[in-house]
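Enquirer: Could you put the whole structure together from the sequences, leaning on the hints where they help?
Number of protein chains: 2
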Amino acid sequence: MTQIKHNQLPGKTVERLSQYRRILYNSIREGKTNIYSHELAKMMNLTPVQVRRDLMLIGYSGSQSKGYVIKDLVDLIGRIIDSKEGQKIIIVGMGNLGRAITSYFVGKREKLFIVAAFDNDLQKTDRIVAGVPCYHVNRLKEVIEKESIRIAVLTLAPEATHEVARKLLDAGIRGILNYTSVPLTVPPGIYLEEYDIVTSLEKLAYLVKQ
Amino acid sequence: MTQIKHNQLPGKTVERLSQYRRILYNSIREGKTNIYSHELAKMMNLTPVQVRRDLMLIGYSGSQSKGYVIKDLVDLIGRIIDSKEGQKIIIVGMGNLGRAITSYFVGKREKLFIVAAFDNDLQKTDRIVAGVPCYHVNRLKEVIEKESIRIAVLTLAPEATHEVARKLLDAGIRGILNYTSVPLTVPPGIYLEEYDIVTSLEKLAYLVKQ
DNA sequence: GGCATATTGTGAAATTTGTATCAACATAAA
DNA sequence: TTTATGTTGATACAAATTTCACAATATGCC
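Which chain is which? The protein sequence lines are A and B, in order.
Sequence positions in the first sequence follow this note's numbering and run -13 to 196.
Sequence positions in the second sequence follow this note's numbering and run -13 to 196.
It cannot be assumed that every hint is accurate.
Identical copies carry no separate label here, and so any pair may be met within one copy or between two of them.
Stated by the list, open to error - Listed below are the simulated DSS-like cross-link pairs for lysine-lysine, each with C-alpha atoms no more than 25 Å apart in a straight line:
id: 1; residue 1: Lys195; residue 2: Lys(-2)
id: 2; residue 1: Lys195; residue 2: Lys153
id: 3; residue 1: Lys97; residue 2: Lys57
id: 4; residue 1: Lys97; residue 2: Lys(-2)
id: 5; residue 1: Lys70; residue 2: Lys195
id: 6; residue 1: Lys28; residue 2: Lys153
id: 7; residue 1: Lys74; residue 2: Lys(-2)
id: 8; residue 1: Lys52; residue 2: Lys28
id: 9; residue 1: Lys94; residue 2: Lys(-2)
id: 10; residue 1: Lys195; residue 2: Lys74
id: 11; residue 1: Lys127; residue 2: Lys97
id: 12; residue 1: Lys195; residue 2: Lys57
id: 13; residue 1: Lys127; residue 2: Lys195
id: 14; residue 1: Lys70; residue 2: Lys(-2)
id: 15; residue 1: Lys153; residue 2: Lys127
id: 16; residue 1: Lys57; residue 2: Lys18
id: 17; residue 1: Lys127; residue 2: Lys74
No wet-lab data here; the hints were simulated from the structure.
Expert: This is how it looks when you write it as structure tokens:
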């Protein structure tokens, strides 16, 4: 097997790899075994060059006649993105959004597990919500440490965000996906992704207005 | 008032403007009237230069002694992002995610209105869901045209995505925010934003793994 | 006034991200 | 065998975005 060098893939490439793989899963299901860059590009709404560039970066080679072998490519993307034992994830804040994300996500990926949820509402805690055990937030550290959890999704009320984030880092969380409307700051070595629905809608509104 | 030239602001700048405004609302609530670039930068997790650059692009000037006048800045961002009469938005797909987004969003912005939702489940249609009237999808075109709706949020099952997108464009939708896991292609002049939770999580997992 | 300090605004450089071009090569058909 | 076609891989180029560096200027203090 080719020696892979993917020490520092561009962020956008990583995102596209995730999406390539999802599309390729579908292609496999349809019985396809090989795929050309222009086919994949069309399905992803990209240029063929960009597809080939991404695959070049992860050191995968196709053949001029048959294109890329889907199964090999999926496996390689898996070795790059997934960790062997899988990653555990927690959801903090089991309001509408937290529950929606949880039930949407559960079982979607082989190597990513939502193993716990947290809330400060006693109505929700100490029971199964959307298929996941929901604990009171004051047990964050305990559960994170016991289960060696590294990734947290924040879907809680704005007021509590900063305090919870601090506790998460203290407990050993290394990556945060922040869906609250409160921008966070994290120390070096901690990874943060932020996404806000309102911002996306306002951007669209701006574009449509033109 | 300064003549504004914002024909074609960079996409990233538009996103940040939306976020500046949200933060500035809070600052106003706390009684602040002026703000320096480095203060805003710190709250947003950016560099002061980037803040000043963005404000330069929208033609807003501050003073060396007092920084920026928050109220003026908020107003200016509003004139750039918002349209005077506001923009109407529909949600297509009232599953968990659709309902969560709707109830999260309702009332969040003065100039953005979720005016209708659609689903193909008769259990959900012709009633108020999360504060918004929910119609059957076969009434998409009718409602969109009657209400002059330009923006749609897609939170439906993957299978139906392509067909629904086609209908939306046919009915006159100009901007789509796609939360399904199916990449879309749209003709020129139509704006598309795509976001996928799984991709964000996989990216985080990749980063944390390093 | 004169000096130290702090802030804005901006041209230019650097970085990141995406695109165009083309040589090399495999296949199929003449 | 030769030619036409189509694809990959790679280099060069272009566009978008961020950061650097610093002039210009306002304020407060001596």
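Enquirer: Could you run down the list of hints and mark each one as holding or not?
Expert: Hints versus structure:
| no. | hint | result |
| --- | --- | --- |
| 1 | Lys195 x Lys(-2) | between (28 Å within a copy, 17 Å between copies) |
| 2 | Lys195 x Lys153 | between (42 Å within a copy, 21 Å between copies) |
| 3 | Lys97 x Lys57 | within (17 Å within a copy, 48 Å between copies) |
| 4 | Lys97 x Lys(-2) | within (21 Å within a copy, 32 Å between copies) |
| 5 | Lys70 x Lys195 | between (47 Å within a copy, 10 Å between copies) |
| 6 | Lys28 x Lys153 | between (44 Å within a copy, 20 Å between copies) |
| 7 | Lys74 x Lys(-2) | within (23 Å within a copy, 31 Å between copies) |
| 8 | Lys52 x Lys28 | within (17 Å within a copy, 51 Å between copies) |
| 9 | Lys94 x Lys(-2) | within (21 Å within a copy, 30 Å between copies) |
| 10 | Lys195 x Lys74 | between (42 Å within a copy, 12 Å between copies) |
| 11 | Lys127 x Lys97 | within (23 Å within a copy, 41 Å between copies) |
| 12 | Lys195 x Lys57 | between (44 Å within a copy, 23 Å between copies) |
| 13 | Lys127 x Lys195 | between (47 Å within a copy, 21 Å between copies) |
| 14 | Lys70 x Lys(-2) | within (22 Å within a copy, 35 Å between copies) |
| 15 | Lys153 x Lys127 | within (7 Å within a copy, 48 Å between copies) |
| 16 | Lys57 x Lys18 | within (10 Å within a copy, 58 Å between copies) |
| 17 | Lys127 x Lys74 | within (14 Å within a copy, 43 Å between copies) |
In this structure, none of the earlier numbered hints is contradicted; all agree with it.
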